[in-house]
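Peer 1: Here are the chains, one letter per residue:
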Amino acid sequence: MVLVFSDNKNLTFEMLSKASELAKNLNKKVTAVIIGKTDDALAKEYISFGADKVFVAETNLESFKAEEYTDILGNIVKETGAETILIGSNKNGKELAARLGGKLNAGCVIDSNNIYLKDKKLTAERVVYSGNAIAVEQFNSTPAIVTVPSKAFDRLKKDDSRKGDIIKKKIDAEKSTSKILKVQEMKTEGVNVEDAEIIVSCGRGFKNKEDIKLVQELADVLKGKTVGCSRPIAADMKWLPEECWIGLSGHKVKPKLYIAAGISGQIQHIAGMRDSGIIVAINKDPDALIFKSADYGIVGDLYEVLPKLTSAVKEKMG
Amino acid sequence: MNIIVCAKQVVDVSEMKVDPSTKKPILQGVAQKISDIDKNAMEEAIKIKDKNGGKITVVTVGPSDAKERIKELLAMGADEGVLVTAPDNIDYHMTSTLLAEAVKKIGEYDIILCGEASIDLFSGQAGPRLAGLLGIPQITYAQSVNAEKDKVTADRNMGDYAVTTESTYPALVTVTKEINEPRLPSLMQILGAANKPIQEWTSDSLSSELKPMVETVDLKGVSMERKNIVFQNDLDKSVTKLVDSLAKEGALRG
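Residue numbers (my numbering), protein chains in the order written: chain A, 143 to 460; chain B, 210 to 463.
Hints were generated in silico from the structure; no laboratory data involved. For glycine and all other residues, C-beta sits at the position ideal for the given N, C-alpha and C. Among the clues, some could well be false.
[Claimed, not checked] In silico contact screen, one side only, chain A against chain B (beta carbon under 10 Å); selected entries:
{"hint": "1", "residue": "237"}
{"hint": "2", "residue": "249"}
{"hint": "3", "residue": "271"}
{"hint": "4", "residue": "286"}
{"hint": "5", "residue": "298"}
{"hint": "6", "residue": "301"}
{"hint": "7", "residue": "302"}
{"hint": "8", "residue": "306"}
{"hint": "9", "residue": "438"}
{"hint": "10", "residue": "440"}
[Stated by the list, open to error] Covered by chain B, per the in silico footprint, the following chain A stretches (three or more residues, Cβ under 8 Å):
{"hint": "11", "region": "318-326"}
{"hint": "12", "region": "343-353"}
Pulled out of the complex, with its shape left as it was, chain A reads as follows (with noise of 0.2 Å):
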């Protein structure tokens, strides 16, 4: 059986698409785990994304602690008798499946976002070394743990036709030492561009001040939370403080994806961002040299592209 957790449900449901093929070529079944309050409308959800049964651990934990879903999904594995189990990789979700690799004795993956079966064997890649190397992990026993991390895998069309078990079970943890005394929003704002994860970037393709909304709308929804820009945005027209000046005399930056919008991409320029995850290109000109230095490209005119681009993210993004 192919075993699916985590809190936040989009990540489940993403998790179940992936989970449906290795269950379909492992000749197995999809299940999908919720801990906590009976929730009927979202168990008949996974179950149109693709579980075949639902198990729903009842229990009255008031909020997560490592300890105790460990105990639980620990408990609901030698239940069901469970050889793969697939994690949401959020923080908490890492801590849970690495105390519970500890607890089985099992082999665990963490961040996978390509999970195959070879030689029978399940198998999980990973990003290592900074991002410069992908190690390729086969697991020898079971049951196999990987967490999975959001976006990774599409998640199935939904289908309401799709029939399932929802069993309900009332699942008692061991009672851990450990006490929560405070949770609190963390406040997002002021992110410096050196350590921002995404960044959107505005050049001199920007005709007015105004504009650069376009810029940060496009930032937010990306939940990147940072705007940069070239020197003419800073320096000459200073319509960005010069904490957004990405470049050789700028701020050097290395996010997971930069965004240049408008920037016609001088070596200058390059220098500030050439270690960058994933980089888009946004400009009119088929020939600037931005696109020489980009994964990806878009021609065309800023002012249309930029608002299209956010209510796609936004659409993708749920």
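Based on the hints, put chain B in the right spot on chain A.
Peer 2: Below, chain B without anything else, positioned relative to chain A:
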């Protein structure tokens, strides 16, 4: 208070080269160091000892040359080192089992400190696995720690929100790199470290018949060249294709 710090010897990723033809990383001959975040764990251990008194023991599972790296932590302020010489093809199951057996052999402990993850592979498994094997509470991703006589409290960075967790002893705490600035030992401390004991235990003496549950069967290279995929003409289609490509690469994660 008895404090244990788990530290890993890793390759210095910033000095790693890539084979130009295969794009595979060249790991041989690359300088080794103590994983950065484990030094933050060490620094925090020193602060806890300064406040509450006690003893700091550093445990490393690694090759025999890791002894030299343990000396750096002794120079920072650890009292004693333990090196568990690791077999080849070691996985997290083996590492954490050996750490757990080493901790049991050390005996008395109140708090175990680890880095949230090692900078080479960045899985973050060792800490939670060890806590699970020992059956003790785990306080992960700590950005600040307050250890008192009978309990430890930590502020934890969970991304969008922060959680304050408290536990009695024994407990395991993993720290983030923001928690402190690890000290640089003075020359006197470096010289003094030579007189501090480092015990060497073989993995067989701690746990026999340990086998990996996960094996790294290949290390693939990553092309550093850019893809140069340019969409043009139909703007709506271009935008859709771009967003699909970014989603597939996992670039739309916050």
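Peer 1: Each hint: holds or not?
Peer 2: Against the structure, the hints come out as follows:
no. : hint    : in the structure
1   : 237     : holds (5 Å)
2   : 249     : holds (3 Å)
3   : 271     : holds (5 Å)
4   : 286     : holds (8 Å)
5   : 298     : violated (15 Å)
6   : 301     : violated (21 Å)
7   : 302     : violated (24 Å)
8   : 306     : violated (27 Å)
9   : 438     : holds (5 Å)
10  : 440     : holds (5 Å)
11  : 318-326 : holds (count 9)
12  : 343-353 : violated (count 0)
This entry does not satisfy hints 5, 6, 7, 8 and 12, going by the numbered hints stated previously.
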